[in-house]
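Visitor: Given these sequences and hints, build the entire structure.
There are 2 protein chains.
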Amino acid sequence: MTNYKKVSVENAPRVELHDQLELTGAEISYNTIDAGGCVPFIHSHKQNEEIYYILSGSGKAIIDNDEIDLVAGDFIKISPNGARQFFASKENSISYICIQVKENSLEEFTANDAIIK
Amino acid sequence: MTNYKKVSVENAPRVELHDQLELTGAEISYNTIDAGGCVPFIHSHKQNEEIYYILSGSGKAIIDNDEIDLVAGDFIKISPNGARQFFASKENSISYICIQVKENSLEEFTANDAIIK
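Chains U and A are the protein sequences, given in the same order.
Under the working numbering, think of the first position of the first sequence as 1, with each following residue one higher.
Under the working numbering, think of the first position of the second sequence as 1, with each following residue one higher.
In case anyone wonders, no lab produced these hints; they're calculated from the structure.
Possibly wrong hints are sitting among the right ones.
In this list, chains with the same sequence are indistinguishable; a pair is considered to hold if it fits within one copy or across any two.
No more than 20 Å apart at the CA atoms, straight line, and that leaves these computed lysine to aspartate or glutamate pairs for EDC-like [as the list claims (entries may be wrong)]:
id	residue 1	residue 2
1	Lys117	Asp66
2	Lys6	Glu91
3	Lys6	Asp74
4	Lys6	Glu16
5	Lys5	Asp19
6	Lys5	Asp64
Guide: Structure representation (C-alpha cells):
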C-alpha cells in the first residue's frame with residue numbers, strides 16, 4: 001500500500017479518474033469537445049461544486065442563460081444550482097478538466113492543513 | 001449573485017485560487033518550478049488528499065522515499081499521510097495544478113449527483 005497513485009492521460013474525448021486514481025474527495029474528468037460540438041445536455045448538481053480548467057482550444061459555457069467565453073488558462077467555479085452547458089467554438093476543439101467536490105466540504109487548507117517535515 | 005465565478009491564470013510561480021474563485025470544496029493552486037529547482041520542504045497533510053496534474057515540462061516527486069517521474073498529462077493522487085516533495089528536472093521547468101480536497105468527503109458524483117434539465 002503506497003500513499004499515492006499515478007495515471008497518465010492522453011488526449012481523449014473523456015477520461016474519468018475517480019476509480020483509476022482511487023480518489024475519495026473529488027471526481028476529476030478530462031474532456032475534449034470537437035470543434036462545433038457541445039455537451040448534449042444542460043445539467044446542475046445536487047451536492048457538488050464543479051471547477052472547470054481550460055487546457056487548450058476555445059469555446060463557451062452557458063450558465064443560467066449567461067454566455068461566458070472560455071480559453072486556455074481559464075478556471076470557472078460553478079455552484080451546484082447553476083444550470084450549465086459547454087460548447088467548443090466553431091473553429092477549435094476545447095479540452096478541459098472538470099473537478100467535482102462536495103460544496104462546503106473543505107475545512108482547512110495549505111498552511112493550516114500541512115505538516116512540514 | 002451568480003452561480004459561477006471565472007478567473008484567468010497566466011504563467012506564474014504560484015497562484016492560489018480558493019478566495020478568487022470563492023471555492024468551498026477545494027483549494028486549487030497553479031504552480032511553476034524553474035529548471036533545477038524544487039519546493040524547498042517536504043510536507044504531508046492533516047485532512048486533505050491532494051491531486052497534482054502536470055501541465056507542462058518535466059520533473060519528479062519524492063513520496064515516502066519513492067521517486068516518481070512526472071511529465072505533462074500525469075495525474076498523481078497523494079493521501080494525507082504521504083510525505084511529498086516536488087522537483088523540476090535539471091533541463092526543464094515544470095508547471096502543475098495542485099487540488100486539495102478533504103479525504104473521504106465526496107458522497108455522490110457524475111450521474112448520481114447530476115440533475116439533467
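Visitor: It remains to establish, for every hint, whether it holds in the given structure.
Guide: So, going through the hints one by one against the coordinates:
Taking CA atoms no more than 20 Å apart as the test, Lys117 paired with Asp66 passes between copies only; the shortest distance there is 16 Å, against 46 Å inside one copy. Proximity of Lys6 and Glu91 under a CA criterion of 20 Å is satisfied in neither setting, with 34 Å inside one chain copy and 23 Å between copies. In this homomeric assembly, Lys6 and Asp74 come within 20 Å of each other (Cα to Cα) only across copies, at 7 Å, whereas the closest approach inside a single copy is 25 Å. For a Cα distance limit of 20 Å, the shortest separation of Lys6 from Glu16 inside one copy, 14 Å, qualifies, whereas the shortest one across copies, 23 Å, does not.
With identical chains, the CA atoms of Lys5 and Asp19 are at most 20 Å apart within one copy only, with a shortest distance of 11 Å there and 28 Å across copies. For a Cα distance limit of 20 Å, the shortest separation of Lys5 from Asp64 across copies, 13 Å, qualifies, whereas the shortest one inside one copy, 37 Å, does not.
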